[in-house]
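Visitor: These protein sequence lines map, in sequence, to chains A and B. Residue numbers are given in the numbering used here: position 19 of the first sequence equals residue 19, and the series is strictly consecutive. Residue numbers are given in the numbering used here: position 78 of the second sequence equals residue 1078, and the series is strictly consecutive.
Hints listed in this document are in silico derivations from the structure and should not be mistaken for laboratory results. One should not assume that every hint holds.
Said to hold, decoys possible - Below, computed lysine to any residue pairings styled on SDA-like, alpha-carbon distance capped at 20 angstroms: (1) B:Lys-1408 <-> A:Arg-69; (2) B:Lys-1385 <-> A:Arg-192; (3) B:Lys-1408 <-> A:Leu-271; (4) B:Lys-1408 <-> A:Arg-211; (5) B:Lys-1408 <-> A:Pro-9; (6) B:Lys-1383 <-> A:Arg-192; (7) B:Lys-1385 <-> A:Leu-189; (8) B:Lys-1408 <-> A:Pro-321.
Claimed, not checked - Residues from chain B shown here face chain A by an in silico Cβ test under 8 angstroms; the list is partial: (9) Ala-1316; (10) Ile-1340; (11) Phe-1346; (12) Ser-1348; (13) Glu-1354; (14) Gly-1355; (15) Ile-1356; (16) Ile-1357; (17) Gly-1358; (18) Asp-1359; (19) Ala-1372; (20) Arg-1373; (21) Phe-1376; (22) Ala-1377.
Note that beta-carbon positions come from the ideal geometry of N, C-alpha and C, so glycine has one too.
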Amino acid sequence: MMKKLSASPLIWPVLALVALLIVNVIVTPTFLSIRVQDGHLFGSTVDILRNGAPTMLVALGMTLVIASRGIDLSVGAVVAVSGALACAHIAASDDPAGAGTVVTAMGIALGVAVGLGLWNGLLVSVFGVQPIIATLVLMTAGRGLALLITDGQIVTITSAPFKILGSGFVFGLPVAILVSLSVFALVGLLTRRTALGMLLESVGINPEASRLAGVRYRTIVFAVYVFCALCAGIAGLMIASNISAADANNAGLWIEMDAILAVVIGGTSLLGGRFSLTGTILGALIIQTLTTTVYTAGITPETTLVFKALVVIAVCLLQAPKFRVLVARRRKRPAPPTGHAATEEVAGQQVSVPAPPTMAAK
Amino acid sequence: MTTPHPGPTAAPVVRMQGVTIDFPGVKALDAVDFRLLPGEIHALMGENGAGKSTLIKVLTGVYDPDAGSITVDGVEQRFSGPRQAQDAGISTVYQEVNLCTNLTVAENILLGREPRRLGRIDYRAMRRRAAELLGQLDLTIDPGSTLGAHPIAIQQLVAIARATAISARVLILDEPTSSLDADEVAELFRVMRRLRDGGTAILFVSHFLDQVYAISDRMTVLRNGRLVGEYPTAELDRVQLVAAMLGHELDVLEEIGDAASATTPSTGEPVLSARGLGRKPKLQPVDLDVHRGEVVGLAGLLGSGRTELARLLFGADRASSGSVSVNGSSDAMRTPRAAIAKGLAFSSEDRKGEGIIGDLSVRENLILALQARRGFARPLSKKVKDDLVDRYMEALDIRPRNPGTPVKNLSGGNQQKVLLARWLITEPQLFILDEPTRGIDVGAKAQIQKLVTDLAKDGMGVVFISAELDEVARISDRIAVLRDGKCVAQVGSDRSVRELTALIAAGGAE
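Bound-form chain B, shown alone (with noise of 0.2 angstroms):
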């Protein structure tokens, strides 16, 4: 179905040679090559914090390498912003449509390199131009119609024309596809292709394997900021793709060992049950159960619905159907405060938006849950506060041993032991985690995954949630495995890494 595309001698339109982005704390990137070529549609793959955005944002001139070098045309680069990353040819379409609605289509199409007469721009010549320019790419919109009227889809294709507008040799399309239907991402890939054949190096990052496999000619996986491997798509079937972007990081957790299957999960009253919870169009019915000192996990790929359904337990997104039980007794009123007021906790997986209190001090965030519940009138005693502060300072191992920091100045690991120590001094009976370990350094990763299964032996429930499939299938008693917003299966943890890798990946393929 692929046109013929250029073997890989013919010489790349950008080559990264070594590209490190150091965060504090993180590797966001570590040493990664990286080779586009002229011709090809090259799909970007991997989980959250795999190093997907960064790369992109180190290719449009947004972050400067901390080391490695960019190659544009057999130039080296150094941008110093994204306008010299436009000049070298590479032009980037975003998710959200970064373009003026209210302007019209050629307008956005020619902005800032507006056809001029006699020093007043030349609306007419400007129509035509644009209208050139989307003839090119076969499209039908009327140059002069306001952008604002037309839908997202059409939005992205203008675009793309702006792209084509400013000779772009290389263009980025990060998730272009997430709100469109089935016949926009067929006029989409239609122009896709159009451009590839005319030799346009595109750069296509989507969660949607199968529209990764229609589209693309070769991949690039990348995890935990280091490149995995660079492939044909026609070479790297499903399941080779998804354990390359879940990956085994068999090292870390030696010291774990069988350590969760060895537990034994009772098989009372669940802790929280839910029957029939989803929120459309998101997440379909599910029905699950944690028990007391059950460590469940949510295996899945970005985007399968593993978030939704976490967020969905807690209460923090309403849900359009089914309920929750909590001991027992469920609530029709369904908030975090709630949920908080039955035991339970919630650890988000963005952690910057949704979890730390950036300019409060690591003293207020870890007691901010437990000074929320028991209301403002009745603040925590100094001393209650420093003994509690203290202790769980010192427990999580939380650096450095000063609670008067403001949390935004410690590194990602830490901040991460903040939100937990935070619930945990709530003395939750059931700890929704949804990716802990994102983004942090190997050390802290350890003591986290150690700390939960701990938690759960001394009788505490856990949902789990990893894009990195080893760390799910070792830490969780049961796992249920979701995908495209469907629960597809609930799985003891005796299967294996490969056995869950196929479950996950199982889709057009099926």
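This is chain A alone, in the form it adopts within the complex (with noise of 0.2 angstroms):
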């Protein structure tokens, strides 16, 4: 039984989470108390996953661009400019109050979002540029844009509609819980109860043996970028929506990194191929708790980006099976018998044509 769990990638990204979640009770013993106040949801929990809901969102996508051996690190740019768009359209709008404006304005920021993926996936899937330097053009060019939109000013707004997103509540739960929620579903059917997912990671592990199998490498590729700046897209929506301005300087920054942190943490492998989105959100939310931790137990703002690296580092050894076998050796147990190398004791046995499979046919 403890084999098997240790043996679970997820194991070392819950074991960390449960520490980050122990060490706040210990220092705010009230840290899990959740009260509800006007039928709303309160708490550091729920502060948490609220505030983490775009780094989640991110993530996602991030996880599947990484599942195809790719990067991206035009997220950030792409959350500032979909709300910098957003907010433009509803502060030039007469009636920014209005639902019709809101979902026009976010409509008119997804698209560009879904308009910049293009982009990044024609760059990496066409014309076989290195995801990082096709990405990274986004990324520099990206905020570029969105200060011109946004003339350089934080453009705030008063809309309430457009607040729901960011700081609503339905069913007494943050919207933006629901939503990052719900993409994560989403994404989790979509991969794995079709064939996307065995395919997209087939193509990460190996693309010229998945082009050779019939696999459509390039239009995975493609759409894993699209998808993922639909992501950002969103979680700019969010953003903005929180704190009802777009902020082209400040909205998104560094979300590239912590969503790339995030997919490490979460056990998905930078050189692509097996991924995991459970892992993924777990691997958001340590973040997300590590910055809430270190503002609750009174530590400089300052000093959360170290706390980060070490808790990152951590969990990142422990992932690693170089260092695990130095661990497990420092132990002195013996080693467990290995069963997976396959021994061939065939010798000369008939090998029968297969019937024609007819089931595959239909």
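Hints are included, so try docking the two chains, each in its own frame, into the full complex.
Guide: Okay, structure coming up:
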């Protein structure tokens, strides 16, 4: 039982999260308490979820991109562009509080986000530009674009419907959490209930073998960049909605780093291939909890980044096979029998031709 | 044409005895003896998977042999890394030049052993020393020029000069001529002879037989990880050499007997028909037909164009000329997807690089091609999947019989069977098999050979490539012989291996 548990790659992020929560409870005994106020849930854990929602979203998109052997550095810029477009549209309209205005604003923002994703996908999958370079272009250019849209100012708006996404409540739960969890569920279904997840992993592990097996590797790579940008676009709306303003300089700043960290902490290799959406969500939660912990523990915010780095190093080391081997050796435990290597024990057995698989044709 | 070289009485500078390298499921080297004499150019010959590169890696300290000994200058060595091998005087120039193209020629030659003065690099002395070394090889290259500004041929010569700078006793040249033109090859050979005459032992690997005969004094032939023999070049003619490289493994194939020739290939419409199919500069236009129930073998040496032809048939590479039609209809957009849709299947010679998806399970690898054809939105149900996977793992005897195992943990033979099963699940009409039996153990090999003949009996068209001529001759109904990127003959399976060998080997000697 214990062995099976420790074999799961999710065990370390789970343990890290639990450890962080315990630290918080020790420092702030009321940490886990949740109170209901005006029918809405409030509490530190709810805050963590709500504040972590944009990172979660971006990290979900990033997971698929990383699974395809790529990386998307432009998500922070897309966050800024998306927020800037929505706020600029609402600020310029005659009826900032109208539902129509808000829907149009969100539509424009997400449409442009998808357009930016198409650009990334084009560079990477059609022209074969290295993902880190291709998305670096948009990382810098995108933020410039956001600054152009907002004229370098912080665009503040007053729009009740727009505020719902970032700080509204439905059924007592913050809308932002619900949106992120819905996207999580949707991507989970899309990748694991269809064959998409397997085909994506196949492309990430061995693109050439996948191509020769008839996998639409280009389309898949293209699609993950578009999806990632869409996630960043929604996250941008959330952030702008939460503060009722578009800050082109700071919205989504370093979110690409948080997202990549969340993916890595969650156990998805940067080399591509096997991915875990649940791991990514856990990773995003760890990062957000860490930030909150630093605040509640009264440590200066400047040290947050150092703390983040320490936890990330710890989790990543624990996942590294070489490190585990080292630790295992230290403990001087006998190595478990390896039963994985196949042994060849055939000798001239007859191979019969299989009957045509009729079911496959359906 | 060869200058006098020391007779076999000279003490070898390198001697390997009983060197064995075990990889999971296959012996890459099996008790191989090898000796390299000072002042000779020694060609290492063999097909893919013969063990050439493994032997070189043992010699350069990359692999530690599981058994056997290596002595250099009479001292037994156990290299724990490439550095030790270099210190023992063994230097290697690889096919892909591994120098720093952004540094100067002089810096490259003396990298890591720069002359110093007062703790700083003495660039003037460095250039002088580099010019001296280049001069010894009669090379007129400006030591101050940037390496990247020179063509590959010059870069290779610089790499050789670098080897002489560390006063290497043994120089290994791994396919140095593959990207050189005739003049460049001549220049390289001049430098090689000069070094040899100075007493350096040179190990030369090339798949160009002409070059091997032009430059080498002796040769060692490997096949399937075993030593076939060591010969003075003058005493082994081309046909004998090719026969030694391709070999005869009669024992394995007894049970198949003449099964291939017993079948009667239909003479009707071909399943696949290629006209003028070529790809510059590797393959000149070829016409080829494959009928239902027919096994067409592609015979030829490494680099003859056999793999290029297979890839073009499947649409894995873009052809520069010609067309392929399947069941009478040709299509312009030749991609693997289009080929698969028409009932083609292709198992690449590069099992790891272009075949298996290592981290995915056996189950996922098995259904990959079928699932890709159906599209992601129509996943196979668990029941259908399990059924297919069980049936094919059973039928092809894939072990261990655990579909959840990552395929990279399987032995080579079982990985190959997984690949074959992946394609059989798609029920292809034409199966292109590029070296499906390379580097796998004898049992799995026999199973795969049997499978191929059985598939043909059931009406599938097969294109079969193997480095082992005997295997091709036994399994095929018809054989297309390729040489230097040309299809030189298409013959029936009644030809003897000896005749085929002559067809493949003919070349400069014609």
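Visitor: With reference to the structure, classify each hint as holding or not holding.
Guide: Status of each hint after checking the structure:
no.: 1; hint: B:Lys-1408 <-> A:Arg-69; in the structure: holds (19 angstroms)
no.: 2; hint: B:Lys-1385 <-> A:Arg-192; in the structure: holds (15 angstroms)
no.: 3; hint: B:Lys-1408 <-> A:Leu-271; in the structure: holds (16 angstroms)
no.: 4; hint: B:Lys-1408 <-> A:Arg-211; in the structure: holds (19 angstroms)
no.: 5; hint: B:Lys-1408 <-> A:Pro-9; in the structure: holds (19 angstroms)
no.: 6; hint: B:Lys-1383 <-> A:Arg-192; in the structure: holds (16 angstroms)
no.: 7; hint: B:Lys-1385 <-> A:Leu-189; in the structure: holds (19 angstroms)
no.: 8; hint: B:Lys-1408 <-> A:Pro-321; in the structure: holds (17 angstroms)
no.: 9; hint: Ala-1316; in the structure: holds (6 angstroms)
no.: 10; hint: Ile-1340; in the structure: holds (4 angstroms)
no.: 11; hint: Phe-1346; in the structure: holds (6 angstroms)
no.: 12; hint: Ser-1348; in the structure: holds (6 angstroms)
no.: 13; hint: Glu-1354; in the structure: holds (5 angstroms)
no.: 14; hint: Gly-1355; in the structure: holds (6 angstroms)
no.: 15; hint: Ile-1356; in the structure: holds (7 angstroms)
no.: 16; hint: Ile-1357; in the structure: holds (5 angstroms)
no.: 17; hint: Gly-1358; in the structure: holds (6 angstroms)
no.: 18; hint: Asp-1359; in the structure: holds (5 angstroms)
no.: 19; hint: Ala-1372; in the structure: holds (4 angstroms)
no.: 20; hint: Arg-1373; in the structure: holds (6 angstroms)
no.: 21; hint: Phe-1376; in the structure: holds (4 angstroms)
no.: 22; hint: Ala-1377; in the structure: holds (6 angstroms)
Checked against the numbered hints above, the structure breaks none of them.
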